[in-house]
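Visitor: Below, each chain spelled out in residue letters.
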Amino acid sequence: MLVTQISVFLENKSGRLAEVTRTLREAGVDIRALVIADTTEYGILRMIVDQPVKAQEVLTNQGFTVSSTHVIAIAIPNLPGQLDVALEILSEGSISVDYLYAYIGRVTDDAVVIIRVQNPQLALEKLEKSAIRVLSTQEVYGI
Amino acid sequence: MIWNPAETMNRSEMAALQLTRLQETVSRVYERVAFYRDRMDAIGLKPSDIKSLKDIEKIPFTVKNDLRDHYPTGMFAEDTRAIVRYHASSGTTGKPIIVGYTRNDMAVWTDCCARLAAAAGVTADDVCQVAFGYGMFTGGFGLHYGLEHLGAAVIPHSSGNSERQLMFMQDLGTTVLIATPSYALHLSEIMAEQGIAPEDLKLRVGLFGGEGHTPEMRRLIEMRLGITDTQNYGLTEITGPGVSYECLAFEGMHINEDHFYPEIIDPVTGETLPEGEEGELVLTTLTKEGIPMLRYRTKDITRLNYEPCSCGRTLVRMDLVRGRSDDMMVIRGVNVFPSQIEAVLMTIHGIGPHYQIIVTTEHFMDQIEVQVELVDASRLESYRELEDLTHEIRHKIRTVLQIDVRVKLLSPQTLERTAGKAKRVIDLRTKAF
Chain X
1 MLVTQISVFL ENKSGRLAEV TRTLREAGVD IRALVIADTT EYGILRMIVD QPVKAQEVLT
61 NQGFTVSSTH VIAIAIPNLP GQLDVALEIL SEGSISVDYL YAYIGRVTDD AVVIIRVQNP
121 QLALEKLEKS AIRVLSTQEV YGI
Chain Y
1001 MIWNPAETMN RSEMAALQLT RLQETVSRVY ERVAFYRDRM DAIGLKPSDI KSLKDIEKIP
1061 FTVKNDLRDH YPTGMFAEDT RAIVRYHASS GTTGKPIIVG YTRNDMAVWT DCCARLAAAA
1121 GVTADDVCQV AFGYGMFTGG FGLHYGLEHL GAAVIPHSSG NSERQLMFMQ DLGTTVLIAT
1181 PSYALHLSEI MAEQGIAPED LKLRVGLFGG EGHTPEMRRL IEMRLGITDT QNYGLTEITG
1241 PGVSYECLAF EGMHINEDHF YPEIIDPVTG ETLPEGEEGE LVLTTLTKEG IPMLRYRTKD
1301 ITRLNYEPCS CGRTLVRMDL VRGRSDDMMV IRGVNVFPSQ IEAVLMTIHG IGPHYQIIVT
1361 TEHFMDQIEV QVELVDASRL ESYRELEDLT HEIRHKIRTV LQIDVRVKLL SPQTLERTAG
1421 KAKRVIDLRT KAF
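For the record, the sequence lines run as chains X and Y. So in this note's numbering, spot 79 of the first sequence is number 79, and the numbers just go up one at a time. Adding 1000 to a residue's 1-based position in the second sequence gives its number in this note's numbering.
Just so you know, not all the hints are guaranteed correct.
To be verified - Pairwise CB distance ranges, derived in the manner of DEER restraints: (1) X:N61 / Y:I1348: 22 to 32 Å; (2) X:G63 / Y:F1168: 29 to 39 Å; (3) Y:I1348 / X:T60: 18 to 28 Å; (4) X:K13 / Y:E1251: 44 to 54 Å; (5) Y:E1148 / X:N12: 35 to 45 Å; (6) X:Q118 / Y:H1391: 15 to 25 Å.
To be verified - Going by beta-carbon spacing under 7 Å, a handful of chain X positions derived as facing chain Y: (7) S7; (8) F9; (9) D38; (10) E41; (11) Y42; (12) I44; (13) G63; (14) F64; (15) T65; (16) V66; (17) S67; (18) D98.
Keep in mind that the hints were calculated from the coordinates and are not lab data. These numbers come from a predicted model, not from an experiment. Glycine included, every Cβ here is placed at the ideal spot set by N, Cα and C.
Full structure from sequences and hints, please.
Guide: Next comes the structure, spelled out in structure tokens:
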């Protein structure tokens, strides 16, 4: 199952990130996972939230440039070499990874990895056929 | 169609006519306008010193502030009895500028506006809707008189009220729209909102003036309104619309030089530039009675081309105005106009129409930063796409202007919006004196 991720364009200016979090707080949207990378000029904030449609709407209304995209969430045992197993599967299928981020879930001991790939449907098929546990939207939002 | 034989006069006849008229004008203002007499006396210049057209260079320039300083009618060469009409410039800063027309000035102005319309292909069969403001602004009345003189039907709608504007266009079968280019674009947006397609209207020609527009904007107007976009140029101080206009060859605007004598000068040194070079347009009225102007600095940057045109006119042509000398930037010795940067930005997808240019000094070098708003959210998928966008902007600006700029992407709605003229350039350079 593909999971919706929200991307927000952020200028490198103090207070911009706080504006995003304030907007989401006021809308009652819960952030499940978040990663931000920056350059000298700007950054892109990527988030998994419990209500992606609402999040995109309230942020757009606030004047942010927002997009949503599909990513894959997998759960892997928190042991050495486990991420490699997942990435090998994608590599064998010639599916290139744009970016990924990982965090430790609070329910299980598994690590959750969010992966953005060039061909999400194909990647999903390959991963679902393997021993890798692909998380559903509900599971991700319940993290 | 060519309206007046003066438009096809050969160069030597034109020059002879211009010299006679220039000599008459200089003598007349020397006798009647204290401002000109004092300035000529101050440098020991007599009307009889004007023996050739080249001698015009001896006459001091007139600038907008001179008109303000002599508000309201201090620079008039006729008294109220001879004046039949007043107009005024929009006076965005300080007092407006008042101009007056005698009966003959009105006839000349009307004829010049008829030439303008005829050059754009307007005939007595056309229905012309004037969406320029009437009132003190010269645009509305100038075109109105010219079009009526030509025999066309005129709808004196004036500016604003777009819904009613469109109603008359549909009900009276308007074929020619007279407006500023930005109002034309605005009308096209209202049309889209109301579900009116270009085919639902009979519009075929636009006579646009009052402000310049880039070729990109012209293409947009032509596409959205389904018309031929023609531009014309004029200024209140000289007469209003009718100073110059495009013909259907679209290779510059013909100046009615039997009435308005053009020169190009270096805006910094004031020196007259050789034929074909770009600089500030200076105009001298050759027949104006009410308020003659000697060497009026327009601040508009253009170039003159004396080659006869394929349309048959021999009148000198000026390029579409490239910018104004008062917003020209000199970046590392290169003249740059915000309009040039704007033209580049208009061709780029994914950014909004607003922009700002910040000029700074870094390591004793001029630096330009162009700030634009990112509107295309699909580019958020990867940094590479955002970087491709900034590279595209930088590359296009470098190609067109030969300067390197820094591009900064901003969130939408970050740049300041103003109802009037936007402040496009912020110059933070440390001036070295």
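Visitor: Let's test the interface hint: is any C-beta of chain Y closer than 7 Å to that of X:S7?
Guide: holds, 4 Å
Visitor: Hint X:T65 vs chain Y: min CB-CB distance below 7 Å?
Guide: Cβ of X:T65 sits 5 Å from chain Y, so the hint holds.
Visitor: Given X:Y42 as an interface hint, is its Cβ closer than 7 Å to any Cβ of chain Y?
Guide: Since the shortest Cβ distance to chain Y is 6 Å, the answer is holds.
Visitor: Next item in the hint list is X:G63. Is there a CB on chain Y closer than 7 Å to its CB?
Guide: holds, 4 Å
Visitor: Quick one, is the X:S67 hint okay against chain Y at 7 Å, beta carbons?
Guide: holds, 4 Å
Visitor: Taking the beta carbons of Y:I1348 and X:T60, is their distance inside 18 to 28 Å?
Guide: With a Cβ separation near 22 Å, Y:I1348 and X:T60 satisfy 18 to 28 Å, so the hint holds.
Visitor: Falls inside 22 to 32 Å, the C-beta gap from X:N61 to Y:I1348?
Guide: holds, 26 Å
Visitor: Could one say that the CB atoms of X:G63 and Y:F1168 fall in the range 29 to 39 Å?
Guide: holds, 38 Å
Visitor: Between the beta carbons of X:K13 and Y:E1251, is the distance compatible with 44 to 54 Å?
Guide: holds, 47 Å
Visitor: Does the Cβ-Cβ separation between X:Q118 and Y:H1391 fall within 15 to 25 Å?
Guide: holds, 21 Å
Visitor: At a threshold of 7 Å, is the proposed contact between X:D98 and chain Y supported by beta-carbon distances?
Guide: holds, 6 Å
Visitor: Please verify that hint: X:F9, Cβ, nearest Cβ of chain Y, below 7 Å or not.
Guide: holds, 6 Å
Hints 5, 9, counting from the list given before, are not met by this structure.
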